[in-house]
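S.K.: So the chains spell out like this:
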Amino acid sequence: MKKGKQSLAGVIVPVLSILLALLIGAIIMLCLGANPGLAMKSLAIGAFGSKPNIGTTLAKATPLIFTSLCACFAYKCGVFNLGGEGQFIMGSIAAIYVTLVTGITGVPAMILALLAGAVAGGFWGFLPGILKITRGQNEMIISIMFNYIATLLMGVVYTNWLRDGSVPQTASVPKESQLPRVITGMRFTWGFVIAVILGFIIYYLLYRTSAGFKIRAVGINSTAARFNGFPVRKYMLLSFIVSGAIAGLGGSVELLGTQFRLINGFASGYGFDGVAMALIGQLNPVATIFVALFFAALRAGATTMQAATGVPTSVSDIIQALVIVFTVAGMALSKLPEFTAFLQRRAHRREKEVTGA
Amino acid sequence: MSFVSNLILATVRMAIPLLFIALGELYSERAGMVNIGLEGLAAIGSLVGFLICFITGSTWLGILCGALVGVAVNMIYAFATIQLCANHTVYGMAMNIFAPALASFIYRVYFGKGSDLSQITLMKGIGIPVLKDIPFIGPLLFNQTPMVYLAILLVIFTSVFFSKMRSGLNYRAVGENPKAAATLGINVIGTKYLSCVLCGALAGIGGAYLTTCYSNTYTEGNIAGRGFIALAAVIFGRWSAGGILIACLFFGFCDALQIRLQVASIGIPYQFFQMIPYIATVLALSLIGGKKLGPKAAGKPYKKEER
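Just so you know, the protein sequences line up as chains A and B, in that order.
Quick note: the first sequence uses my numbering, first residue 1, plus one each step.
Quick note: the second sequence uses my numbering, first residue 358, plus one each step.
It should be emphasised that the hints constitute simulated quantities derived from the structure, not laboratory data.
If you're wondering where the values come from, they're calculated on a predicted model, not measured in any experiment.
One or more of the hints may lead you astray.
As the list claims (entries may be wrong) - Computed beta-carbon distance windows for the label pairs:
#, chain 1, residue 1, chain 2, residue 2, range
1, A, Thr340, B, Phe514, 37 to 47 angstroms
2, A, Ala347, B, Trp417, 50 to 60 angstroms
3, B, Lys653, A, Thr134, 19 to 29 angstroms
4, A, Glu338, B, Leu541, 19 to 29 angstroms
5, B, Ser475, A, Phe227, 54 to 64 angstroms
Glycine is no exception: its CB is placed at the ideal position from the N, C-alpha and C atoms.
Work out the full structure, taking the sequences as your base and the hints as a guide.
M.R.: Okay, here's the thing in structure tokens:
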């Protein structure tokens, strides 16, 4: 009964938060002198209006799904991996080396690049993980520091080691090694399919296997899990590695499927966005896929909105940020004893009215 | 000689924003509020400080407004964590996403798509009479912007406040054991709100310092992890104002060193030098180990009715 109510809140709160955020977004548009109705309409058209637009939305959703699954998996085990961005970048660096330097092309290059990306991301997750369990350090700060280190390392790669020409960027992944599109005329690739399947695999792993149960047990109460004889620290390290590997895989998918080259600003902000989406999706891997789709739609539509109404694209960033601010506050509110008592009182009164009548 | 004196100058200059932000976090954590949203608070403080300074031409007004907006934004965090008992870490993260988005939105709305960077005049240094004439140290330490002196005074005050003053000890009690503090008649909720006001203001000032006293323009991502390095400085400084000063000077030194090395060396990609502060933070945190020395009730929600 109580569990049912909680999961109900887990759906209602994010939906209400999205509506509220869109409302505030509309008010901001109004203040900027734009017609919010027209702006919202062009936003929707930009995201879903045509076959290519839907393709762009799905392509934009792909990296977001990976980083949100990364954040989700680690948080389920009670560790806060804020290093998704760094792990994502390390994955893309590994992928660019496989596709540009080894000389392998075609499908073998793709498979190898994806694997290398996952390994590189996993390694970048292993570092904060091992520091957390051996030195007991705050994994949030450390994983964020590794984000900056990875971003700078990527800078070395595209301004120096693999620089191609006068512009600071790498050469493009050769055509035959790029991830193929699922449907011609739509920008999204098989990377999107991998992301969605991965989401379901993680769901299955976390909720239907005994290892997943143990991981969640560590996340819910690490002391109790330890007294049950679960190797808590091993699971924490493992979840860091797996979560890093998810992000790293995302990085190689993004490189092979969408961006094709490393350049300034690659993956900027994806890590924190992933954390936001995982939290809005109540740490449910399947739900976070939908949240990522919503975020991607906002981004894909924002360009059309800007062209049509002059509202800057950063309005969509504000809307996204408001969704997370409202969702977290709303979930906390729904768990407050005063609030649940208030709901119970109302339900009770209504029951009385019904029986009285 | 000039390498060393430049290094010392830059160390002080780079340590000051960290110091403001880290002291803000100290005030927050001493009341049990673990605020990891510092990066966001500094970002919005930085933008508003720059914008106000750009409009009015007054660096002081810029810093003041940076502080005010830091307080305003941090009140969202305060309400959600104190009143709604939201998880501190999760909500801090939400603020880290919200505040920079707000900052870049305001910047784009105000300046449009113009590519040329708008610039402001930086705050001028003021020499302290007599002291600034001491050979070598004088021009380095006593000919700085007033913000440097202010930061040092704040360190001294904070140190005395938390160790000697009755009100400071009461304040600390809220972070150690809020229920015991409440039975002694200390206003727990009020103290927690006060801590968020102080933290927001100081983080906002730290951000505004970067645009009004350090670089004369605003660029997205100019905080560059300083909010998180400041968090590390609080841990490294073992929750004491003096310790935080040393930690911030150390991290400031790493930052200064990397800038100097970038200038001095040719052939090595500059990004490797830029990694130094981040690697130093990881190493510093790893070296001190995980002994929990902070306030006992940090990060825990305070519910009055619960027994």
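S.K.: So, for every hint listed, does it hold in this structure?
M.R.: Evaluated hints:
Between threonine 340/A and phenylalanine 514/B the CB atoms are about 43 angstroms apart, so this pair conforms to the stated range of 37 to 47 angstroms. Distance hint for alanine 347/A and tryptophan 417/B: a CB-CB separation of about 56 angstroms, consistent with the stated range 50 to 60 angstroms. Checking the proposed 19 to 29 angstroms range against lysine 653/B and threonine 134/A shows it holds: the Cβ atoms sit about 24 angstroms from each other. Range check, glutamate 338/A to leucine 541/B: about 25 angstroms between beta-carbon atoms, so the 19 to 29 angstroms window is met.
Distance hint for serine 475/B and phenylalanine 227/A: a CB-CB separation of about 60 angstroms, consistent with the stated range 54 to 64 angstroms.
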